[in-house]
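Each chain, written out:
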Amino acid sequence: MELNTVFENGTQIVSVAASRIDAASAIQFKDAMRAATATDATRIVLDLSRVKFVDSSGLGAIVASMKQMGDGRQLDLASLSQDVAKVFRLTRMDSIFSIYMTVNQAVLGKAG
Amino acid sequence: MPPRRVVRPREKPVRIIALTVKAQKSAVSESLQNLRTGLADGGIEEETLGRVEIALAEVLNNITEHGHAEAGIDTVSLSARISDQDIRVDIRDSGAVVPEACLDSAHLPDSSGPLHSLPEGGFGWFLIHSMVDDLRYSKKDGENQLELVFHRS
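Same order as they appear, the protein sequences are chains A and B. So for the first sequence, this note's numbering puts the first residue at 1; every next one is plus one. So for the second sequence, this note's numbering puts the first residue at 1001; every next one is plus one.
None of these hints come from the bench; they were simulated from the model. Since the model is a prediction, treat every value here as computed from it, not as a measurement. Hints are not guaranteed to be accurate.
Restraint-style ranges between C-beta atoms, simulated for each label pair [to be verified]:
#1 105(A) <-> 1139(B): 45 to 53 Å
#2 1037(B) <-> 40(A): 42 to 50 Å
#3 27(A) <-> 1014(B): 34 to 42 Å
#4 92(A) <-> 1153(B): 55 to 63 Å
#5 105(A) <-> 1115(B): 22 to 30 Å
#6 28(A) <-> 1037(B): 18 to 26 Å
#7 43(A) <-> 1077(B): 44 to 52 Å
#8 1090(B) <-> 40(A): 46 to 54 Å
#9 1111(B) <-> 101(A): 28 to 36 Å
#10 1137(B) <-> 40(A): 28 to 36 Å
#11 1138(B) <-> 7(A): 27 to 35 Å
#12 1037(B) <-> 101(A): 22 to 30 Å
Straight-line Cα separation of at most 27 Å, DSS-like style, residue types lysine-lysine; simulated pairs [as the list claims (entries may be wrong)]:
#13 1025(B) <-> 1140(B)
#14 1025(B) <-> 67(A)
#15 1022(B) <-> 1139(B)
#16 52(A) <-> 67(A)
#17 52(A) <-> 1022(B)
#18 1025(B) <-> 86(A)
#19 1140(B) <-> 1022(B)
#20 86(A) <-> 67(A)
#21 1139(B) <-> 52(A)
#22 1025(B) <-> 1139(B)
#23 86(A) <-> 52(A)
All residues carry an ideal CB built from backbone N, CA and C; glycine is no exception.
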């Protein structure tokens, strides 16, 4: 799965260039995240603006991506669609991740 | 006496979308997108489309994982019946019986622990129950029959 990285004010922003993180692509996402997060960044913002759909396998892969980054590093989420936000809210995973309305707000650290 | 004329209220035609889905993750993904497009063409609201897609993703991926791997099933048949009030989706496969614990009401996995113990799965049936307004399951002649009802928003 294609992920694009940019650095802004010391924050690494990883953008998902796919419209779905689902059972068919969860493993590829997790592998791509392992490669993309092999950096010195302590805070990474996952930009989900192009992702329209996440199922429970995709949700599990996002949680796994944070776990594989290791302690002392943070994975925040930005720009969730309505459907994606609903999955995070219902499963209470919105209390595990900091979620921002936009990537800009995430970089500035403003609550979403 | 001439027979009384029965006046029936005019009913809108019910639209039905039927699909056969291959029990493979990539085929499930593609079928879900096709079904969403079909439902959207039928005038279904975005909020309802989201609920239908999430619930069906979980059901079909469960069948693919358990049914295909354990019972060797190849396809799942699915039909969605759209009316003004609701969408009724009928899903049939010949895989293993769905455990009763999943059908009642599912619980969320515990996410209160430290980072390394956070759950990466176990959300599926909880999401299905959260998305549907009604759920009925029966096993007849070796066939699983699951009906999901979504009231339109």
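#### Entry: Unmet hints by their number, sorted upward, for this structure
4, 9, 10, 11 and 21
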